[in-house]
Amino acid sequence: MTTAIEFQHVQKSFNGNEVIPDLNLTVAKGELFVLVGTSGSGKTTSLKMINRLEPLTGGKILVNGQDTTTVPLRELRWDMGYVLQQIALFPTMTVAQNIAVIPEMKGTPKKEINATIDDLLTEVGLDPAVYRDRMPDELSGGEQQRIGILRAIASQPTTVLMDEPFSALDPISRQQLQDLVLKLHQRYDNTIVFVTHDMNEALKLGDRIGIMRHGELLQVDTPSAIAQHPVNDFVRDFFGASRAKKIYDVYVGRVGLVQGYLPKKPAVADGEIQAIDSQATLRTAFEALATHQYLAITEETQVKGYLDRQTVMTYLSTHEPD
Amino acid sequence: MQTLIQTFIERRGDLLTALWQHLGISLAALVIAMVIAIPLAIWAVRRPKLAEGLLQLTSVLQTIPSLALLGLLIPLVGIGTVPAVIALVIYALLPIFQNTYLGIDEIDDSIEEAADAFGMSRMRKLFKVELPIAMPQIIAGIRTAVVLIIGTATLAALIGAGGLGTFIMLGIDRNNTSLLLIGAISSALLAIVLSALIRWFQTAKPKRALTVFGVIVALLAGGGAYSVYANRTETITIAGKLGSEPEILINMYKQLIEANDSHVKVTLKPNFGKTTFLFSALKHDQIDIYPEFTGSVLETLVSGSHAKNLTANQTYQLAKKRLASQDEMTLLKPMAYNNTYALAVTKKFKRQHHLKTISDLNQVESILKPGMTLEFIDRDDGLKGLKKAYGLDITAKSMEPALRYEAISKGRINLVDAYSTDSELRQYNLAILKDDKHFFPTYQGAPLMKQSFAKKHPKVVKALNKLAGRISETDMQEMNYEVNVKNESAATVAHHYLVKHGLLKGGN
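For the record, the sequence lines run as chains L and E. When you line the first sequence up against the numbering used here, it's residues 1 to 322, in that order. When you line the second sequence up against the numbering used here, it's residues 323 to 830, in that order.
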């Protein structure tokens, strides 16, 4: 496992107020790393220090082994996609022009850029013939942020930074875009640092999650490790608060995270196992369990793990007291 | 309406020239203001405190009354196009600076952050992101500036830069509504057209916009180059005050000088301004010659008191002497006519009562029904002094200048004040009574120039002296009548007179 990004004793103060005292973190190459925390926890500041939108007060950050302050700023940023919460497409440029911003600066041939634009638009389900020449204000919020993501990845950067990119979107668009991020991440095999305040989003997207509070990383671990072994009450509560208000609305994937999946595929006929998406709720799971012995929890087309009735019941009795 | 159309047709040549001048001055001012204000605003965006100061400064500049600003500029840069353009630039700075500054400053921070995060250079960010976003606001500022400039540029006529303002000044001066309307409407139309054109630039395809812009610049540059080319030969500039009379005179000057010396080209600047303004222009070598009145020299241009009741010759000699000693200028010999205050009666009334002089009025005092301008009634060198000097006991009704001629022609009054060369005297068949006690100061016209100029151009002096002692009051009335009422061109009227009196060979 090679290291993509490394924070070494990073400090940050604003006007003498220390917001990040001493941050140490390693993000592996090809990892989708989620920084999660409440507002004011320093997660966005940490993200912006990676592409030097915020200067460091102390310590250093290495990207692909190089101290970011020794790399020419523009080269550093050209190889680092950036997606903003406010989307911030350039309003006077068409969709195509927005996507072409970085490739154009890098001097990529026009033909190649145009081909890339068409590929990318098709990939996110927007017909190039229709969308190429649209202006940003002619798009819905979800469509805009798709373009925002394409703009960030158009020149295939090794790293992509995403700052709460979906927090302003409606729940359906948010889910679609989360799926899109997973798909693009798999396809381009880039390193993504994703900032959010939404624990569910973190659990869904993150290979690993870093939970921040008051400028400190409380726990850095895989989603299931955080769900099963929170280091302290804050992490437990933060995780707990992310569950749905009603039992029926809990995601079935969460049961797997918290309770752990069965150690191996049950040795029964395939007809006894019902496949169900990890984002489906317990309501759907109960219906399935009424007729099937086992559930196969899937994400995209991959099976994450298997659950039986007993596991679901244990989850309900221990973690959902209401 | 009909007179308006008629005036328009007669003056369309002049109008085109004035329009061209107006456009030239306005566009020059606009381009200069843009070149100053836009980069300054871009520079100031990163320095908010300084920008605040600059905004204040441009606002203050805008509150200076335009006339005062022009006045302030004359001692610094003289008269003509340069001070006009400077003044207009000063007015145009605020809207352009303010809109550019606010347009960029109000861009959403997240957009700026995105541009930075994608590694745009300062310049790329400016041209690709900031300026395009701020463009509608910048264009709006430029359009405000255009409307402001074109309106204010009408004042350029006051300092000899020409333009549509000449029509307006002339209209006011001659009480000619048609001229005034033509000037005002043209200026308003020009503002609307330019403003629309600029809006079109904003939406037009870049290539087409560039072509149109190129053509306009080429036309203006061509005009400028042509005027430089045209000025290659020895050029003498002769200016005149507002009105038909000076315009006729300077046309005579031009024809006489050019007939006398084929190497000299004379440029005329008719309706150039008022007395002190022309005098200052002459002093600062902006013009070479202009016709001045002996009386005006003593009253306003030179210092020192003088006795009343000077004869015409005494007035001229004193004016000439004082101009020479105080300003190193030469006042050539005056023409015959005396353009001063006068009392006039109808020719019929004059004949009936055997009137020749003002003194003769004493005999008909009881039947006099005078109607005079308020100003004349109130002046010491008007009716007040006149009554004392001639022992007259009359009371005048005050009337509007134009109305008193109407009134006398209808017999409601029988004595009016007048300027001795007014074309209305001819128009309404009036006759002037001789000022036998020399009460009114003498105002005889004569060419005024610097001594150094006179020394260098003896041929010009000789040509101009041909007019000495020529042109009577009735001649002048007749010629003013032809220009003002019959709408003949001043050049034609001047030419006719010169040929008729053998001062110029006819034919051309």
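The set of hints was computed from the structure by calculation and includes no laboratory data. Positions of the beta carbon are idealized from the N, C-alpha and C atoms, including for glycine. Just to be clear, a hint being listed does not mean it is correct.
Unchecked claim - List time: in silico DSSO-like cross-link candidates among lysine-lysine, alpha-carbon distance up to 30 Å:
id: 1; chain 1: E; residue 1: K808; chain 2: L; residue 2: K111
id: 2; chain 1: E; residue 1: K447; chain 2: L; residue 2: K60
id: 3; chain 1: L; residue 1: K111; chain 2: E; residue 2: K710
id: 4; chain 1: L; residue 1: K106; chain 2: E; residue 2: K777
id: 5; chain 1: L; residue 1: K110; chain 2: E; residue 2: K450
id: 6; chain 1: E; residue 1: K450; chain 2: L; residue 2: K106
id: 7; chain 1: E; residue 1: K777; chain 2: E; residue 2: K827
id: 8; chain 1: E; residue 1: K591; chain 2: E; residue 2: K527
Said to hold, decoys possible - Not everything, but these chain L residues come out facing chain E in the computed CB check (under 8 Å):
id: 9; residue: L25
id: 10; residue: K29
id: 11; residue: V71
id: 12; residue: L73
id: 13; residue: Y82
id: 14; residue: A88
id: 15; residue: T92
id: 16; residue: Y261
id: 17; residue: L262
id: 18; residue: Y294
How the hints compare with the structure:
no. : hint              : result
1   : E/K808 <-> L/K111 : violated, 73 Å
2   : E/K447 <-> L/K60  : holds, 28 Å
3   : L/K111 <-> E/K710 : violated, 99 Å
4   : L/K106 <-> E/K777 : violated, 73 Å
5   : L/K110 <-> E/K450 : holds, 17 Å
6   : E/K450 <-> L/K106 : holds, 15 Å
7   : E/K777 <-> E/K827 : holds, 27 Å
8   : E/K591 <-> E/K527 : violated, 42 Å
9   : L25               : violated, 20 Å
10  : K29               : violated, 21 Å
11  : V71               : violated, 11 Å
12  : L73               : holds, 7 Å
13  : Y82               : holds, 4 Å
14  : A88               : holds, 4 Å
15  : T92               : holds, 4 Å
16  : Y261              : violated, 39 Å
17  : L262              : violated, 44 Å
18  : Y294              : violated, 47 Å
The earlier numbered hints that this structure contradicts are 1, 3, 4, 8, 9, 10, 11, 16, 17, 18.
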